[in-house]
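**Q** Based on the sequences and whatever the hints tell you, model everything.
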Amino acid sequence: MKPQLKSLTQTQGFAVLTLVLGILVIWYIAALLMNGNQMINMLERTGQSWTYTQVLQGAYSIQRPPLPVPHQVAMELYQSVLNQAVTSRRSLVYHSMITLESTLLGFALGSLLGILIAVGIVHNRTLDASLMPWVIASQTVPILAIAPIVVVVLGSMNLTGVLPKAMISMYLSFFPVVIGMVKGLRSSDKLHSELMMTYNASRQQFFWKLRWFSAQPYLFASLKIAISAALVGAIVAELPTGAQGGLGARLLSGSYYGQTVQIWAALVMSALLGWALITLVGMAERLVLRRRGLTR
Amino acid sequence: MNRLFTSLAVIILLTQTWIALRLPKGFYQDSFLLPVLLIALLAAAYLMSRLTQLADRGKFWQRPCQLAVPALFGLMILLVWEAIVRGYDVPLVLMPEPSRVLVTLSNNLPLLWADFQQTYLKAVLAGYLMGCGLGFVTAKLVVRSPFLQKGLLPLGNFMASIPIIGIAPIMVMWFGFDWQSKAAVVVVMTFFPMLINTVAGLRSVDPLHADLMHTYAAGKGQIFFKNQLPQAMPFIFNALKLNSTLALIGAIVAEFFGTPIVGMGFRISAQVGRMNMDMVWATIFVAALAGSLSYGALALLERRVTFWHPSVRREH
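Top to bottom, those sequences are chains B and Y. Those letters in the first sequence? Residues 201 to 496, by our numbering. Those letters in the second sequence? Residues 548 to 863, by our numbering.
Hints are not guaranteed to be accurate.
[Stated by the list, open to error] Some residues of chain Y that are not near chain B, with every Cβ distance over 12 Å (derived):
1) 549
2) 551
3) 562
4) 573
5) 645
6) 652
7) 654
8) 655
9) 673
10) 764
11) 774
12) 776
13) 807
14) 808
[Said to hold, decoys possible] Which chain Y residues face chain B? A few, computed with CB under 7 Å, are given here:
15) 596
16) 599
17) 616
18) 694
19) 697
20) 701
21) 710
22) 713
23) 835
24) 839
25) 842
26) 857
These aren't lab readings, by the way, just hints derived from the structure by calculation. C-beta: ideal position from N, C-alpha, C; glycine also.
**A** This is the structure:
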């Protein structure tokens, strides 16, 4: 009995579960404090007297709480995911699909662009000296400010729909790929590159037989950042473009009407989406790197 | 021969600059000046490659040339922008030309400085320091405990994918309109990249090195400061640099959800509403400048700290 118990407590699932339970407990206590204060203020404003049991009951069920508790969010999620037709405007699945579409398009374009720029920077001194500072400067431009400008400019060129949102995703996701790839392409082992040099390897051979492989761990680390950046980009892009659908539009309408439960539900949904996307990239990473014995 | 080409390229560039700045608006609509722009682009590319060669060769010219190449690249982008906007007479609500943005910038310096103070010196700096510090300390704890490593990393990855834009209205609700709520958004944004990168860095220690430290009977502190921390530095600086741009974006975006009437995010959203695109771009310029400078400072520091890394110790 005892060794079994010990092996159970050492699994990853147990560790995650324990921490999640801890967070849930803290969450309920925090909600009691924050919502309870609001309850007390509300009751005192109307001149009613209040008891602690009243506050305790009210804290977990008031409308528009400052901090909704997990079961309220779960109820909202259940309502809007399972109890609605997938094509309905009230279904979170419908909104997620819209966001996913522009995320994936932007991610694909962004990582391709990022890899191309990195290869150019590593192989061409002029590009390295001239382009790299501007790649970095490009990320300091606040993207939400650019979003309406991008949409207006693209709209005047008759480009509407998914493409403007994907452009903003691309703009956010190409940067980590460039940074990671440049670092990775340059991090090949010195012994290996000297060996290649003694073989009189051409630049192409250098790239395909050494640099490309030394860059792969860095590439996948960057791709994970890039895909969550692409998701953020897609959601941000849905705010100012006047999008009727998407998780971003859902967040905005939630914050507009003070529907905190709706905000949290959309937030949890986008977190789930991001987690699924990162897991997919992680699976690809393990598949590629396992053959080279690089996974732990 | 090289000198001839170089002087020719300079003359072409100056001509193009004169065309872009001095001709009356709409000059591309009724003349054939577009080829000059293309030739000017080629000339600039030639000049940049010459400057790079010069920077790689000589000691004396190295630093000025290293600065001149990206500067020339940036000026080229501005030149194309100016030429297209003025040449096709693009309306102001769509896109202002750089020269107009510059004039607006110099006319509104006190206002922009106040915005910069509110957003950068208060929200970004405080949030960045707290977020990165917390991320580092948590990573240190996580690496030491296998239990936390198993439990917290999946959660960290999960949390890293939450878009801050959703957190921003909640933080504004919790911490009020002033810079504290923006700093809170920045803390949340910068924490997880720092955590994930530092853990990856601390775990990247070569087993051989760890064994060596063990044979030396090194203490915990020695192992950390002499082996783990230096080994993790490239990863940590990666996170620091990514965070420096994330933090600025986060603070500005958070200001869209409620702010006192000062701050870069407020300025942008207010001026977009009034169609004052030149003021919008002036604010964006200040933001880009601040972000680039902080990134540059971090990159310089990185070269000092991780001088041994293959990507810094570049050989030719």
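**Q** Taking the hints in turn, state whether each one holds.
**A** Structure-based check of each hint:
1. 549: About 15 Å separates residue 549(Y) from the closest Cβ of chain B, which puts it past 12 Å; holds.
2. 551: Non-interface label stands for residue 551(Y): nearest chain B Cβ at 20 Å, farther than 12 Å.
3. 562: holds, 21 Å
4. 573: With a cut-off of 12 Å, residue 573(Y) remains clear of chain B, as the shortest Cβ separation is near 17 Å.
5. 645: Holds, since 14 Å exceeds 12 Å.
6. 652: At about 15 Å from chain B, residue 652(Y) clears the 12 Å cut-off, so the statement holds.
7. 654: Since the minimum Cβ distance to chain B is about 20 Å, residue 654(Y) lies beyond 12 Å and the statement holds.
8. 655: Residue 655(Y) clear of chain B: closest Cβ-Cβ about 16 Å, beyond 12 Å.
9. 673: Given a closest Cβ separation of 18 Å, the condition holds.
10. 764: Non-interface label on residue 764(Y) holds, nearest chain B Cβ at 26 Å vs cutoff 12 Å.
11. 774: Given a closest Cβ separation of 18 Å, the condition holds.
12. 776: holds, 19 Å
13. 807: Correct as stated: the minimum Cβ-Cβ distance to chain B is 18 Å, above 12 Å.
14. 808: Consistent with the label, residue 808(Y) stays out of reach of chain B, its closest Cβ about 17 Å off (over 12 Å).
15. 596: Since the shortest Cβ distance to chain B is 4 Å, the answer is holds.
16. 599: holds, 5 Å
17. 616: holds, 4 Å
18. 694: holds, 5 Å
19. 697: It holds, given that the least Cβ distance between residue 697(Y) and chain B is near 4 Å, below 7 Å.
20. 701: holds, 6 Å
21. 710: holds, 4 Å
22. 713: Where the cut-off is 7 Å and the nearest Cβ of chain B is about 4 Å from residue 713(Y), the hint holds.
23. 835: It holds, given that the least Cβ distance between residue 835(Y) and chain B is near 4 Å, below 7 Å.
24. 839: holds, 5 Å
25. 842: holds, 5 Å
26. 857: holds, 5 Å
Checked against the numbered hints given earlier, this structure breaks none of them.
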